[in-house]
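**Q** Top line first, the protein sequences correspond to chains A and B. Following numbering that gives the first Met the number 0, the numbering of the first sequence begins with 0 at its first residue and continues without gaps. Following numbering that gives the first Met the number 0, the numbering of the second sequence begins with 0 at its first residue and continues without gaps.
Wrong hints could be hidden among the right ones.
Unchecked claim - The calculated lysine to aspartate or glutamate pairs, modelled on DMTMM-like cross-linking and capped at a C-alpha distance of 25 Å, are:
id, chain 1, residue 1, chain 2, residue 2
1, B, K225, A, E256
2, A, K142, B, E29
3, B, K404, A, E35
4, A, K86, B, D81
5, A, K58, B, D81
6, B, K225, A, D254
7, A, K232, B, E29
8, A, K142, A, E35
9, A, K250, B, D81
Claimed, not checked - Derived coverage of chain A by chain B (criterion: at least 3 residues anywhere in the stretch with Cβ under 8 Å from a Cβ of chain B; other residues may be distant):
id, stretch
10, 165-171
11, 194-205
12, 245-257
Calculated from the structure, these hints are not laboratory results. Just so it is clear, CB atoms sit at the ideal spot from N, CA and C, and this is done for glycine as well.
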Amino acid sequence: MRKFALTAIAAAFALSAFAGTSAKAAGNAPVPEAQEWSWQGLFGTYDRAQLQRGFQVYKGICAGCHSLRFIAFRNLEGIGFNEDQIKAIAAEYDIEDGPNDDGDMFTRPGIASDYFPSPFPNDKAAAASNGGAIPPDLSLMAKARLHGPDYVFALLTGYEEEAPEGFDLAEGKYYNHYFPGHQISMAPPLYDEAVEYTDGTPMTMEQHAHDVVAFLNWTAQPELEARKSMGMKVLLFLIVLTAMLYAVKRKIWRDIEH
Amino acid sequence: MSAPVWNNKVVKWVDDRLPVFSMLHHSAYEYPTPKNLSYMWNFGSLAGFVLVTMILSGIFLVMNYTPHADMAFWSVERIMRDVNYGWLIRYIHMNGASMFFICVYIHIFRGLYYGSYKAPREMLWWIGILILLAMMATAFMGYVLPWGQMSFWGATVITNLFSAFPIIGDPLVTWLWGGFSVDNPTLNRFFSLHYLMPFVILGLVVLHVWALHTVRSNNPTGVEIKTPQDAIAFHPYYTIKDLFGMGVFLIFFLFFVFFAPDFFGEPDNYIPANPLVTPPHIVPEWYFLPFYAILRSIDFTVFGIPAKLLGVLAMFASIIVLFVIPWLDTSKVRSSKFRPVYKWFFLILFIDCFILGYCGKKAPDDYFMGIEGLKVITVGQLATLYYFAHFLLVMPIVGKLERPKPLPASISESVLKGGANA
């Protein structure tokens, strides 16, 4: 019976593993290369300095077209800014508020509880300014695509100057190695020294891409560190508890032939 | 076994008026359970545990969720970000659905292998299938609630299946949707039903356990309890065994919750629903993939019946057929352990279900496991054929022709011979 069950389980797992890997490889875009991220593994955490650099890249480059609707300024505490820094960042933005007592909408400087304002008032305006394509919201981008952060990184750095021979690139589109269909409306967004780092980190395009993807992974999973640290405690507790339950089970069943 | 005597005055007072303690005593201490149950018998109580977990986590999610097409996605993200431990509650609920199906599928395969559907356990088996159907409806409607791309398009594809029925099809779909497309009314009714169904499942589980306690547990030998030596009390023997199993299971379950919470999910569901953009691959959650493969494998018409209708009928039939297997199985022996031929067919069925799952995941025109020239749809068709042939042909024929191995005289005998380890 044991051998029989093992055969069955092995066959089943081999099949599902195969389904898992090759199903993802389907389609015409190559599988992005796996990158090293600070938050990987059971103990991985975010690198606050990297998140702040990534925020700088988002603010300086991405925010021109891409919204970040699920993130409020107050959330920036999670990437290591203090209350005063957050107030200062929020105040840089103009937020539409109202109506006031006269019934008019008005603009005021942002406060910590405001959400990041979107670059376009609505989808139509976004499409009109971007050749018909709507720049997607980035809050959840790092988990809304297959291969998550690796894909976003590959996309940001996967542009070709010229489409390969015989590829019919439409007007106003760019050739990207990793974008499904290869034709993307977003112009190559990053380049060396796209934003100015003050901590001495090299300002290469790759570094910018790494940093902004780290930031976007944080916007997608701000709970990651709390989740993993709680998970460690819970699993350790459960392993000890289960071992003890096993010992009790052995003791209770000691005199039973089974 | 005699009626219990209660020494505690309060317990006695209550028990004389409402015999809850006597009932507990009866169903835990006096309930004789075969002493040779393997760990395969842990998954029923585990499924019950997951059901309770799902109901509890679901109740807390509802406190913070907004069932409106414009706000559902946003409210789920608020749960993930702003509600205290909201991410934990949601990830438990999300992964709990997968865990529920893992437990129930193992539970069903165990029942199939050891012949737990055979007389006198037909009613027990039927109620189990009803629970599976109710679970599928619940899981499907629950998946729609976050109102992501896969929620919306999954709902569109699956509800559209009902349009395959002649004459009533289209009005039926409009009625299901509460409009002319999947929209806010659809979301609202799915939410209402998603909250209702778990309690229907709970009721069915009560019936399932009632039926179980009437006919008693099957066991790896398939031989009924004959003497008191064959059985032990459920408590403490199986309470502790179930608790230990629960510990192991929780480690597995919570590993996903804390370290790979999106493992079972589709990334597309983190994109808000958009009726104007169809995702390139609309795939159901993993637990529906084999049924999805059966649905898609019918790409031909028979006697003028359109392929789509046949597919839908085949998909429903794949579960309905389970209702009649107590009569399709002609073997006199319950446990496949003593069925040298059927046991290999069971193995084929088990692998067949995984092949179906694989085919459900892939696009029909892909190559099966990358084998040039072998299309997924073809393999899916063969796998579907075997699935039905297993129940409709193999079960009746092998049951008649096979010569089972000699059964042990009793559970005790098999235990003394070390048979439980075979």
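**Q** Which numbered hints are broken by the structure, listed smallest first?
**A** Structure breaks hints 2, 3, 7, 9, 10, 11.
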